[in-house]
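Chains A and B, in that order, are what the protein sequence lines are.
Our numbering numbers the first residue of the first sequence as 1 and each following residue consecutively.
Our numbering numbers the first residue of the second sequence as 1 and each following residue consecutively.
Hints are computed from structural coordinates only; laboratory data are not their basis.
Treat the hints with care, as some may be off.
Each computed DSS-like pair below joins lysine-lysine, with the alpha-carbon atoms no more than 27 angstroms apart [to be verified]:
| no. | chain 1 | residue 1 | chain 2 | residue 2 |
| --- | --- | --- | --- | --- |
| 1 | A | 144 | A | 279 |
| 2 | B | 302 | B | 274 |
| 3 | B | 504 | B | 346 |
| 4 | B | 475 | B | 302 |
| 5 | B | 691 | A | 279 |
| 6 | B | 976 | B | 212 |
| 7 | A | 29 | B | 326 |
| 8 | B | 346 | B | 274 |
| 9 | B | 976 | A | 279 |
For reference, the chains in residue letters:
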Amino acid sequence: MKPAPFEYIAPNNLDEALIAMEVNGFDGKLLAGGQSLIPVMNFRLAQPAVIVDLNGVTELDFIRPNPGGGVTIGALTRQSRLEHDAIVRDRVPLLHATIPFIAHPQIRNRGTIGGSLAHADPAGELPVLSVALQARFKLQRYDKERWVNATDFYQALFMTALEPQEIMTAIEIPPLPPRTGWAFQELARRHGDYAQAGVATLIALDDDGVCTYARLVFLNVGEIPMVATEAAQLLVGERISAESITAVVNHAIQHEIEPTSDVHASADYKRHLAGVLTKRAIRQAANRVTS
Amino acid sequence: MHIHLIINNEEKTVTCTPDDTLLRVLRREGYFSVRFGSDTGETGAAAIRLDGELVTADIMLAAQADGHTIETIEGMSNGLDLHPIQRAFIETGAIQSGYNTPAMVLAAKALLARNPNPTEADVRDALSGILDRETGYVKPVQAILVAAAMLRGEAPNLPPIHVLTPVEYDPGFGDSDRDELTPDVGDMATQTKTEIRPKITSDIPETSVVGKPEQKVDAIKLAKGNPAFVDDIEMRGMLYAKLLTSPHAHARILDIDDSAALALPGVHAVIHYKNVERVIYASGGQSYPNPPPYDQVSFDNKVRHVGDRVAAVAAESLALAEEALKLIKVDYEVLPAVLDERDAIKPGAPIIHDEPDAIDIHDAQRNISHHIEAETGSVEQGFAEAAHVFENTYRVHQVQQCPIEPHIAIAYWDSDERLTLRTSTQVPFHVRRMVAPLLGLPVKRIRVIKPRIGGGFGAKQEMLIEDIVGHLCIKTGRPVRLELTREEEFMSSRTRHPQTITFKSGVSADGKLVAQQMTTLANTGAYGTHGLTVQTVSGLRGLSTYNCPNKRFDCHVMYTNIPVPGAYRGYGAPQALFALEVHMDEIAHALGMDVIEFRRKNWVNEGDGIDIAPHLGEGEKETVTEIPIILSNALAECVDFGKQAIGWDRRDDPEWRNVPGKPHQKRGLGMAVCMHGTAIPGLDMGGASIKINDDGSFNVLVGATDLGTGSDTVLSQIAAEVLGVPLEDIIIYSSDTDMTPFDTGAYASSTTYISGTAIKKSAEGVREQIKERAGLMLDLDDWSGVELRNRHAWAPDGRSVSLEQIALHSLHQDQQRQIMHTASFVSYESPPPFAGQFVEVLVDTETGQVTVEKMVMAVDAGVVINPLTASGQVEGGMVQALGYAHCEEMRYDEAGRMVNPQFGPYKIYRADEMPEMGVILVQTHEPSGPFGAKAIAEIPKDGVAPALSNAVFDATGVRIRQIPFTPERVWQAISKQFA
Ligand SMILES: Cc1cc2nc3c(=O)[nH]c(=O)nc-3n(C[C@H](O)[C@H](O)[C@H](O)COP(=O)(O)OP(=O)(O)OC[C@H]3O[C@@H](n4cnc5c(N)ncnc54)[C@H](O)[C@@H]3O)c2cc1C
Ligand code: FES
């Protein structure tokens, strides 16, 4: 099949792109890597009247270290570039380590970070990471711009804070608190598949091994990345032990996720899986804490 | 719009529309190596390099490539000067159907540009986005490692087929140190190793072409991505067809209104039940008379599964055809549906075939398509006498063959006004005979051509879409092309039969089987097609491996409202052997016997008869009248070698079973014993003609259809061997109903055995004529002692004439005649190949995830004619079998709609998730086969599922009697056991 007819606009810079979206935002769609959009267009599940192709807006393809730590990444940066970039590796190891879980090389060669974040697939890895890392997104319109926290960006199934005319242009990832370990655990049949469930975890420990900070964000057990705030709070002030982990896991899977059954797995199984993965992720993250 | 592309260093300006995908535009421009696999980027068949990066052209707009550089495989070679990666693919045997070879070669090139010294893991990662259904990725990975070494300027050894010189089989061999058995694969070590272990039961004559790892005769064109497949031609005025399929699992069509569709300019025809003649047929591609029931028509006023045909349109473009589909108004009366065979047999279930004109349905009112029964001895008596009786029920699910090239056919009128069907089929001759009455044409006005095909695995042993393109071509007078989408390939083509199987076995006090009964409820979906024969084979395979005086098979083949099962490589055996081999494992454990020794006590040996065979012949008629006797059998050796290669004794080592620090991880080993058939006795027939050319080369014309399996190569090897020429002197042309002798087609593991014997006989006929001519030229009184060797005919006195001289002499000079011979072969034997299948697993008892770490299969397929293609068959077959056992599954919602008709949700193994694999070819000499060969293509499909189940039991103590082993199913079973 081929996608239904549409008008194709290929701006050469951000200004042109913003103008094109200002004019066409309501019946148009941005095209980034196309690795999610073109398949749905091939199936006629999306039939935009106008396509605004961002690929010529090369100024959105960048990875910049921030002065106080952390990085800012242009929305058009390809996933494969993140996979091979030294700044990302050194400053956001969680992101770096998780990219290979996404699809296959030739998909990552096209797919962009902004596209994946904007696409907001609850089974996507990048939305979960952005929430876990408390990233901020720069959303631009022709005449205004704003920064939105990843935590506020995801609203409902495939629904985000993006306005129709807005373009996500940059992603700012703050540095991790000191002595923070990280882990990402998912169960897919294998690498490259969308996962049945997954969790991103950050744990900070003080010199005595007492938890000073914890964050748990779940993948594919709700309409959006699910943050287990209360469960994470249970860990703060505690040492990492079988008991403290069990308490966290039980609270998280009973109160802070909302799995539904799908092609791959039943809700019950996903809930169970989320618990097992959380247990492992907390241990792994704690083991990664270095002073 | 116009876009500028630099394709393979050539600047081009191309016209396209914004909605054209890059795949579409490249094919239109003649880059046929960029191929369709799906619309979702999941198959990678459309991979190209864009500015040096591998991307997939099916999910990219052509407009996005404007100003960019594109590389396709067409740019990689210059005439016969191939790129080292292409050469490596040819030399390692990495090409089977070749459909996605271009994608893999480009992936390799992109990888090696970045990383000249990749590890095996790097290579697997680079290939991970390209699905392969044939090679198991084994040889492609080897090819890329070899190519990398060549490009680094090294001279790599070719891995790792080791043809050991024939030695007498030493029974002690199986017990020697494991390391000794691991062949030295030099610098090209990969996750997979193939060994050949000769077991000589009679003399294997010296050969020069047969038995050698010859390169595939079609490898070069496939490595270059030359246009060779159905879709790789463009016909003037061609129309595009699309199917309108049913959204309902069961419904009556009250009316169809096609007027709006026909009014759309550019739409040339709409066909459906109101304007296509109702001719009853059975679609399974089988010998005349096709096995019953006859329960299909081209278009019916009833639909019986989601995806069933409702109408078809032909229009000037695909987009128009799709537009037209939306304009067809169908008035459905939705009926209740039934999906599971266990529900279909219940009283009050909806009746699926209530049409009055269906022929030979066993009991349409009760949805019973067939009832098959066979008995030897008396099981009742056997059970009564047995010391122990065991009974278990197993369930196997539905999977699809998933050829990467979906069904595709083009129909056109030739200049003689004969209808030509260029189609991706395994059975061109059956298609011609079967389609003729549907189209109202005599057989003689139809020609069926099978070009290269991109995998079939049984899905294409069917007359499936040829009637549709035929009808549309007749109606419009224009060439018509129909290609199924990936979703249609799942829902509107063919699949594998689900079954519910109960095995009941009586065992004597000393562990001998005394009675065995297999009761099957099979699901043939909406139509009968292969329902009778698959289930018959299922019974035969389920009740042949073990000696037992009393056996009984009872099977009801049920209609339901699921997409139609048909033939799938293995043909009923994988279902039966899953049940049988898990059941045997369960009995051994219950008796406290070793799982292998219990089997050994009961399995068939050389000289044993297959006593149930005469009662389970294919088709209604009994083609086997006498009990077939097993003439070659290396099952014991297969099991011994397999045990060793997998490290079976580690089962007793608790340290190996457990993972330090990870109490939730458990290791286990499982095995299964397999026995298959070779061709359908008394039914499968193949013919071949061979003629000499002026230069002493030969044309071989053969009806056998090469699906990518390498049969063209193997058959050419046989001809070359008999005629005393190198392989390059054989020009083979396969499967064109106008040009080649008849062949039943590529199925039932028959080609090497049946068509191979036909070729051998035909070559022997030619050889006699050559010898006679040599006698004439050399003035011999008696030419019987002439031998053919090295392109010459040699007299006993040492004088010789070249085949070229012989050809010229006989064609031009004296007593002119065309040296040529045609022969055919049908066998009344079906000599079984045997195998031992071993699987090692790691089970995560908390998540239920099963990781298959290693698979070893030791196969006795007789004399191996080509170790490269034979091991390729085993590797690829095992991986398909692994998908069946582990992760592939067609799933439905309550309304009977398949919920996962895309790769991704329908999970196929990828290059980076493969277990370590070992293939051991244990040679026997089968007296009835050509050069001692038996079949190899299907047996690799039989043992993985039961061996996996037995391994999971070994690891966890949990017995799972249903496949596939998805994490959730395993987790549920484990939690139940320990609840
Ligand atoms: C075979 C296959 C397997 C895959 N497996 C995985 C997987 O395992 N995990 C996973 O997470 N993903 C997976 N993906 C999806 C892949 O990661 C996509 O690349 C990603 O989801 C979308 O990124 P894109 O740049 O291709 O966006 P596009 O497809 O171009 O766009 C996606 C959506 O985002 C919008 N958009 C894009 N860019 C912007 C922007 N800057 N501002 C605002 N809106 C924007 C578009 O309008 C569109 O609605 C897979 C894809 C394929 C084809
Ligand atoms: S060529 Fe590999 S799947 Fe067909």
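Looking at the structure, which of the earlier hints fail to hold?
The structure conflicts with hints 1, 5, 6, 8, although it agrees with all the remaining ones.
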